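Number of protein chains: 2
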Amino acid sequence: MANIKDIAKMAGVSVTTVSRVLNNHPYVSEEKREAVRSAMVECNYQPNLNAVHLSKGETLLIGVVTPFINHPYFGQLLEGIANEAVKNNYKLVLFQTNYEEEREVEALQMLQFKQIDALIICSRICGMDIIEEFVAYGPIVLCEDARGKNVSSIFIDQYQTFSKALMYLHNKGHQRIGYSIFRKSGTNSKLREKAYKEFLREMNEPFNPEYIFYDCLKFEDGVHVVERLLKMSSPPTALVVTSDIVAAGILTFCKEKEIQIPEDLAIMGFDNQPIAKIMHITTLEIPLVEIGRKLFLQAIDNSEPSHEEVFVKLIERETV
Amino acid sequence: MANIKDIAKMAGVSVTTVSRVLNNHPYVSEEKREAVRSAMVECNYQPNLNAVHLSKGETLLIGVVTPFINHPYFGQLLEGIANEAVKNNYKLVLFQTNYEEEREVEALQMLQFKQIDALIICSRICGMDIIEEFVAYGPIVLCEDARGKNVSSIFIDQYQTFSKALMYLHNKGHQRIGYSIFRKSGTNSKLREKAYKEFLREMNEPFNPEYIFYDCLKFEDGVHVVERLLKMSSPPTALVVTSDIVAAGILTFCKEKEIQIPEDLAIMGFDNQPIAKIMHITTLEIPLVEIGRKLFLQAIDNSEPSHEEVFVKLIERETV
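First to last, the sequence lines map onto chains A and B.
When we follow full-length UniProt numbering, the leftmost residue of the first sequence carries the number 1, and every step to the right adds one.
When we follow full-length UniProt numbering, the leftmost residue of the second sequence carries the number 1, and every step to the right adds one.
Looking at chain A on its own, in the form it has when it is part of the complex (with noise of 0.2 Å):
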C-alpha cells in the first residue's frame, strides 16, 4: 500500500506539504494540492481516520495511568495497551504515578477536559470515590475487580487466585508458607492478604506477620528477603512471590547463600513472565499482554460500564 512518502515522491512536492493537503491546511498552492491529489487517486491512497475523528470532537488519545513504566507487569500490560491503540489508529497519554495521587488526579483531569477521550487505570492510589467523580466526563477503565461500581474493569479474581496458590503449595507438604508484594494497601494486596488468613485458619495454622515481605517490586528486593529469611528461626519452607522478577531475585540470593530449591525453599511466582521460564519457575501465568488489549477495547467502547474476568493458569517448574 502506497504511503505518505510514495504520495510525496509521485507528486514533486514535500512530505509536509502532502500532510497540510491531508489535513485542508490553507498555506498550500493549488497546483501542488493537485499534484497531491493526482497521486493519491493513481495509487489508491486511503488516507488515515484522524481526520474523520477530529471532526467529531474526539482527541484519539486515550491515557494510560501506570505508577511505572519500566517494570516487566506494567511493561507486558503497556504493550497489549500499545499494539491495540496502533492497530484502532489511537495514540496513548503516558501518566507515571509512582503511586502519587496528584498525579492520578492530573490524568482524571484531562478526561475532564476532554483532552483525552477515555482513561486506563492500570493500577491506582486514589479511592473508588475520587474516581466515580470523574466517570461522567467519559469511559474509565480499570484493572481490578469493579464489579458493582460505575466504571469498566478487565480483572483477574485476585482472591481465587491466591487461595489457589497457597493450596497447591500447601498439597507439596508445605506448612510454613509466606509471600511476598509490593504494597501493603490496594485493592489487589488486601484481597491477597484476605486469602491467605482464610487459608490459614482453614488450615489451623498461626499467622506469622514476619512471614508476610512488603515492599518487594525488583529484582533486587529479593536480596532483602533471603536476608531475612537467614536471621529467622523458623522460616517458611515455602513463598508465594507475586511477581517473577522478585522471585528471580528471591532463586539467584539463594544460590549465593546455598538455600536448595526448592528443597529449603519452594517458590511460586506470578504472571509468568518470560525471566521464569529462563529461571525454570514455577508460576501462576496472568496473560497480561491480553489483558492489555482488553483494557484498550473497553477504553474505546463508549456503551455502558462492563467487566470481563480472565483466568490464570498454573505453569509447574522447578521451584516448588
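Any given hint might turn out to be false.
[Stated by the list, open to error] To spell it out: a stretch of chain B is covered by chain A in this simulated footprint if at least three of its residues, at any positions, have a beta carbon under 8 Å from a beta carbon of chain A; those stretches are:
(1) 8-20
(2) 80-92
(3) 98-107
(4) 128-139
Treat the hints as calculated values from the structure; they're not laboratory data.
Being a predicted model, the structure only gives us computed values, none of them experimental.
Built from N, CA and C at the ideal position, the CB exists for glycine as well.
Using the hints, position chain B against chain A.
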C-alpha cells in the same frame, strides 16, 4: 504538603470542585469557591504549573517515538524519559511505530499541528530528510549521532563502541568473531557493520556474511542463532550480541545444547540490563535511563539544537 484531596476535605467539597476552582470553571458556586480558596491559603497549597504553561500556548505534552514499548532497551530509555517528565510536570504521548514509517510521520504531524511541544525519537525509520522537514515546528531530539543535522541528539559513538567490543574479543584470543543485530538498515546498524568490516580488514580476517545474525530482538531469537551455529562447519568462537536479552537467550540455549560458555563460544552483550547481571554476562554498559533523562531535558530546552555524547563502560563477567 497538602494535595488536592486534602483541600477538598478541608473545604468540605468534592475533588472535582477543587479541580474546577483551580481551572476557573464557571459552574462552581461562590460559596464553594471561597471555601476552596480558604483551604488553599490555610495549608499553603501550591497549584501546579499547568495553568501557567497553558496560557503560554504550550501543551505540556512531549511525544515519544519508540518502535516497541515492552523491550528492555526501550523500556529503560522510557523510564528515564518518564521520570524526568514527572519531575517537570509534563505528560508523554507515546507513538509505538513498529518501525512503520507512516506512524512516525503521524508523530511528526502532531508536532506540526502543535498537539505536542516537542518530539523525542528513540529510534527512527524515516530518513533524515523527512525529519528535517519538521524541525521548524518544534524541538526534535534523536537518540543517535546527529551532529551536523538540524536536530538535537544524545548518542553513544556506535562505531567506537563496536570496535572496542571486537578488539576486546580479539585480545582474548578470538579470530572468528561474529555478531547479532536487529535491523539490517538503520543508522546504528550501518555504523556497526562499518566497524566490523574495518576491524576484519585490520586483522586480515576474511569477511563471512554467515557470521552476522539479523532480526535478533528478543530472548527467543537466541534459539535461531544457536541453531544456525550448530549447522556451521566453522562457526564463530565469539559473538558480539547487541542486546543482553538476546545474549541471555543464546546462553540459555547453548546450555541446553551443551555448548560451553565461554570455552566453545564467548558472548559479549550490550546495555548491561539486569538480566546481564543475573546471568553473569560480560557486557558493555550503556546508561539508558540516564540517556532517557537527557533526551527529555533536551526536548524541553528551546535553545539551539545541541549534541551530547554519552560514554559506555565494559563490564567483565563470565561469558568471555
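Against the structure, the hints:
no. : hint    : in the structure
1   : 8-20    : holds (count 4)
2   : 80-92   : holds (count 6)
3   : 98-107  : holds (count 6)
4   : 128-139 : holds (count 3)
Comparing the model with each numbered hint stated earlier shows that all of them hold.
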